[in-house]
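K.L.:
So you can see what is in the structure, the chains are spelled out below.
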Amino acid sequence: MAGLMLGNQAVARGLYEAGVEFVSSYPGTPSTEITEFASTYDKNEMYSEWAPNEKVACEAAIGACFAGRRSFCAMKHVGLNVAADPLYTASYTGVNAGFVLAVADDQGMHSSQNEQDSRNHAIGAKVPMLEPSDSAECKEFTKLAYEISEQFDTPVILRLSTRVAHSQSVVETEDRKTVRYDYTKNPRKNIMTPANAKPKHIVVEERTRKLVEYAETSPLNRTEMFGTDIGIIANGAAYQYAREALGEKASYLKLGMVNPLPVKLIKDFAAKVKKLYVVEELDDVIETHCRKIGLDPIGKELFTFIGEYSQTYIREKILGVKDEYVELEDTIPVRPPVMCAGCPHRGVFYTLKKLGVFVSGDIGCYTLGSAAPLDAMDTTVCMGASVSGLHGFNKAMRGEYEGKAVAVIGDSTFIHSGITGLINIAYNRTNSTVLILDNSITGMTGHQNNPANGKNIYGDPASAVDLEALCKAVGIDNVSVVDPGDLAETERVIKAALAAEEPAVVICRRPCALLKTVKHKPPFHIDTEKCRTCKACMRIGCPAISISDGKAKIDNTLCVGCGLCSQMCKFDAVKE
Amino acid sequence: MAETKSIMLVGVGGQGTLLASRILGNVLLSAGYDVKVSEVHGMSQRGGSVVTYIKYGDKIFSPVIEKGEADVIISFEELEAARWLPYLKKGGRIITNSRQVNPMPVIMGVQEYPKDLTEKIRAKGVDITAIDALSLAEQAGSSRAVNVVLMGLVSKTAGFPEEAWQKALEACVPAKAMEINKKAFELGRAV
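Which chain is which? The protein sequence lines are A and B, in order. Once you know that position 436 of the first sequence is 436 in the numbering used here, the rest is easy, because the numbers rise by one and skip nothing. Once you know that position 49 of the second sequence is 49 in the numbering used here, the rest is easy, because the numbers rise by one and skip nothing.
To be clear, the hints were calculated from the coordinates, so they are not data collected in a lab. Just so you know, not all the hints are guaranteed correct.
Sample of chain A residues at the chain B side, in silico, Cβ under 10 Å [unchecked claim]:
id, residue
1, Gly3
2, Thr32
3, Glu33
4, Thr162
5, Ala165
6, Ala242
7, Glu327
8, Leu328
9, Pro336
10, Val338
11, Met444
12, Met538
13, Cys542
14, Ile545
15, Ser546
16, Ile547
From the derived model, a few chain A residues whose C-beta atoms are all more than 12 Å from chain B [said to hold, decoys possible]:
id, residue
17, Tyr88
18, Arg180
19, Lys274
20, Cys382
21, Ala469
22, Arg492
23, Leu515
24, Gly563
Note that the Cβ used here is the ideal one computed from N, Cα and C, for glycine as well.
Chain A on its own, in the form it takes in the complex:
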């Protein structure tokens, strides 16, 4: 059967057809849907789960492959930094049944804090990396990755990009097959003490040599000859852009295996064309390889290291052709992402802005607290850094900021890597105040259950982390819970935590307004007789409120009746 599938959906289909039995991931745009789709298959055939973080997911998948069952984990590019530790050593142990790790890069940073190129991790971990360029390849490469994993006794990375992961194209489905291996104890293979790891490093280097040989003739790498004037070496989405931009004006060497790279294949292609270009988004990995083998292609001297490419970009760079277009003279106001109407984070950030405190931020929907008009965030680095960063900030400031600085972190992010920072706060003692914004869901990635909300990936009841008890258990005595929908109470509780001469955690608990289980009140409206246009209601930055004909107005298609604006109004003009 053929149909349109997202790249991520096609990877999940590939997992199913390859006979994968274990999937463990942490959500991260643009990788999330792989595991969501995986969880739609019968869990008795292919079991899926959300792990607390990428390191746990990767380790669980390694354990499952040791057991002799094909296993998988998925993550976004920055998630691979978290999972790098197990990956780099799994490269030494190798596998029993196949183990594939999918990593989705975010060229253009549509939903990420940096734009790192995951190919560097494949080089670092010395593992093969495959890179599909459409959904059909997503499925085929996923299946092939398992063959390579087992043939060469290595983890294999499947690299996606936002465009490949989040584009739909046609995929043909096939049947599932079963692949299982027996478990036998093998300490020299699977226990990486120095005595065992030293000989394994020799094996890894030898494996890379064999993989280069494989890359020379693998169907993953493909030459398309049309002429000899222009030769393009490209991978992933960049191949599609170049192919559309230049059509049959150029010849192509499409690299589906981006680590290790072939030598002879590239040299032969280079010898056939007059002008050789390397078209690769982000880092100059292929170009550097070409230089290492004595070629001199045109690469990053012409093409940027930054962002996504496109067909027009490549057409302009290589052929000097530009498309014409129409535009208006008007300045079009930008439309940045905003916290949704009814978002439980809004009350917290309004309060933090009012208090004028230093806010150590983290990764999630609540990072939008940094945007106008709330502007209530000072720093954001990576998952968990709010908590550990606040500790360092407070230590360095010799306690001067302890009463006027907080960390904000979501429930899922806190479980992911906030808890270790909190242990540090308790152990190395700063009187830091940590706000856990518990909206009962992993929000930004599109609503995944997590270990704190009492449901597993299938929506079945599961053990829920007791956040209050957890914080107390690591040595935080001052733990309070508040509903951020109540502005006065939220302010009182945060002030009390800041004033305390001890570390404190405030759990701001209210479920995400977009959850289907949350029942909304009818939209509020403005009594225009009473509205004095003081604009107090607009200070919370709700997208449902604007000024129309000189009075505040609530958009009834957006308002979910959270009532936060009614708490801002001194004139009783906001009505239920």
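Please arrange chain B on chain A, whose structure you already have, making use of the hints.
P.N.:
Here is chain B on its own, set in the frame of chain A:
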């Protein structure tokens, strides 16, 4: 050989552009084309400006549409039609919902929502059709059915059999919302 055609769906995160693109993708696939649909997920979905690209023809390579390449832009909001206007091909067509959703700089009073955008776009020689899709969606039973109203309108001129649209609707819309969406589609098609 069928030339590659490009359609953009633009709007505000949360307006249901993804569902509309699924419906359109299904119709095009059933008509025997190679199809690619490119979406945006994650942070920019949260009330931000969102865009979905749909391309079809004999063989599609790049899933994205660039400035000057779109044959049709279907806009869920007036300002977004203006924002993405440069992506329209010369001689291309815009179908827009006439509704306005204020972006944060307008809500905060830092910038103004430009006036008469549809007329200004038309004055540039662009074929633009504006309809009040929200009212029609509400008439069908849900303000959330704006996407399907617009698909109904698109179906009139796109040149595919109505049966293909109905099938796509059934494949993409959850059963419990089917009645409202069928009505929304009919209201859009009747414009």
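K.L.:
Among all the numbered hints in the text so far, which are the ones the structure does not match?
P.N.:
Going through the list in order, the structure violates no hint and respects every one.
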